[in-house]
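A.B. asks: Chains as they are written, first to last, in the working numbering: chain A, 3 to 157; chain B, 152 to 372.
Read the hints as simulated data drawn from the structure, not as lab findings.
Fair warning: there could be bad hints in the mix.
Calculated pairs, SDA-like style, for lysine to any residue (alpha carbon to alpha carbon, straight line, at most 25 Å) [claimed, not checked]:
(1) A:Lys154 to A:Arg76
(2) B:Lys336 to A:His142
(3) B:Lys336 to A:Cys117
(4) A:Lys77 to A:Ser99
From chain A, some residues computed to sit far from chain B (all C-beta separations above 10 Å) [what the hints assert, rightly or not]:
(5) Glu30
(6) Asp45
(7) Ser52
(8) Leu54
(9) Leu57
(10) Asn71
(11) Val101
(12) His126
(13) Pro143
Per label pair, the in silico range of CB-to-CB distance [to be verified]:
(14) B:Lys257 to A:Pro12: 19 to 29 Å
(15) B:Leu308 to A:Glu150: 27 to 37 Å
(16) A:Pro32 to B:Leu370: 56 to 66 Å
(17) B:Ser231 to A:Asp124: 25 to 35 Å
(18) A:Val62 to B:Gln339: 24 to 34 Å
(19) A:Glu149 to B:Tyr288: 11 to 21 Å
All of these numbers come straight from a predicted model, not from anything done at the bench.
Beta carbons: idealized from backbone N, C-alpha and C, even for Gly.
Listed here are the chains, written in short residue letters.
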Amino acid sequence: MIHMRGLMLPGFFVLFWAFISCNQNLCEEPTDVNFILGFYTMDDGIERDSVLNNLTIYGVGREDSLLYNQASARKITLPLSLLSDTSRFVFRINESSDVCVISYTRFVRLISHDCGFITEFDIHDFEHTGINIDSVAIIHPKVTNFEEEHVKIFL
Amino acid sequence: MLKYFYKLLAFSILVFYSLASTGQADTMRTVGPRFGIDLSRFILMPFVTEIKTFEFSADFEVKPDIYPVFEAGISTVSFSDTNYSYDGSGIYFRAGVDYNMLELEKRNDYSMGIIGVRYGISLNQFSADNIILPDPYWGDLNTSIFRQSGHHHWIELVVGIRAEIFKNFFMGWSARGRVMLYKSKFDQMIPYYVPGFGDPARRAAWDINYSIYYKIPVLRR
Numbered sequence: 003m004i005h006m007r008g009l010m011l012p013g014f015f016v017l018f019w020a021f022i023s024c025n026q027n028l029c030e031e032p033t034d035v036n037f038i039l040g041f042y043t044m045d046d047g048i049e050r051d052s053v054l055n056n057l058t059i060y061g062v063g064r065e066d067s068l069l070y071n072q073a074s075a076r077k078i079t080l081p082l083s084l085l086s087d088t089s090r091f092v093f094r095i096n097e098s099s100d101v102c103v104i105s106y107t108r109f110v111r112l113i114s115h116d117c118g119f120i121t122e123f124d125i126h127d128f129e130h131t132g133i134n135i136d137s138v139a140i141i142h143p144k145v146t147n148f149e150e151e152h153v154k155i156f157l
Numbered sequence: 152m153l154k155y156f157y158k159l160l161a162f163s164i165l166v167f168y169s170l171a172s173t174g175q176a177d178t179m180r181t182v183g184p185r186f187g188i189d190l191s192r193f194i195l196m197p198f199v200t201e202i203k204t205f206e207f208s209a210d211f212e213v214k215p216d217i218y219p220v221f222e223a224g225i226s227t228v229s230f231s232d233t234n235y236s237y238d239g240s241g242i243y244f245r246a247g248v249d250y251n252m253l254e255l256e257k258r259n260d261y262s263m264g265i266i267g268v269r270y271g272i273s274l275n276q277f278s279a280d281n282i283i284l285p286d287p288y289w290g291d292l293n294t295s296i297f298r299q300s301g302h303h304h305w306i307e308l309v310v311g312i313r314a315e316i317f318k319n320f321f322m323g324w325s326a327r328g329r330v331m332l333y334k335s336k337f338d339q340m341i342p343y344y345v346p347g348f349g350d351p352a353r354r355a356a357w358d359i360n361y362s363i364y365y366k367i368p369v370l371r372r
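Extracted from the complex, chain A is given alone in its bound form (with noise of 0.2 Å):
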């Protein structure tokens, strides 16, 4: 079986060559993390994108850094809290301010040699203060490195 033999080396370089190819140590994956929430209102039960003005949103305790100033957004990103299990944000529409409650649980990851570790978080609840939201939807529970809306907010 000399075809046998034949086949043992240029097999093998073949199969080394694509494994080296997908196990480059380059951090080829996204690192950031982004907690994505979407703006929506129920039309005659028909669910629309909305976007809002005037839109001002801030960490509790962080009023001197704010997130968005008076901004109009379809859809938004959050910081959740690396030290804490809980993160707490005022969103404030015109005058009147909701204050937002996530509740998650928190993992780190090690990506790969060159991209480090990075946060990832399984979010339990979403409470607010009803003001401007009318409800919201958790709809992808897990804030991982690969980008997607997790939240609706119901106006």
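Assemble the complex: chain A is given as a structure, and chain B must be docked to it using the hints.
C.D. replies: Chain B alone, transformed into the frame defined by chain A:
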């Protein structure tokens, strides 16, 4: 003089036995336990510097073309950067069966085109120190993950070839596709690498193997 005679006799017996074996080879097939070492871990070492693995295997031809297989290995993972360090280790076992898809040209033909399945189990532990994750809004996280242990189970499909290079010495490669069946739940982080499987963040993984083997010729049939 007698010493040289005995040496010549021993050599003659050896040559005769070798020739006799060759002469009978077309009608007799030797079987016995075959032990292998995976060389691919050493070949890959310069490219995958953080993971060190030693793996061996054993199989036995119970019926023509049917080879129950047992594989075992040990791995260590260790690396660090400016904002973290990671250490892990573990052992793994795989058991399954290989089926030879090639038709034998001669009875003493041991070349194999393999398709096989394995069930794999890995027992591992890991820890991480000095993890610094920057957060300009709420404050940076500086933490350590103390040693955590767990086990993982998977199923594996094997495709490859194997050939006898010298008498009772074999060489072979295989490509392996793995699907995770069970993984332990960890409180704070999942391991970076599961020995014998790969990246546990993904449900499926693939790998290569390049082994040399020696078969102990126990039976002739």
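A.B. asks: May I ask which of the numbered hints given earlier this structure violates, with the numbers listed in increasing order?
C.D. replies: none
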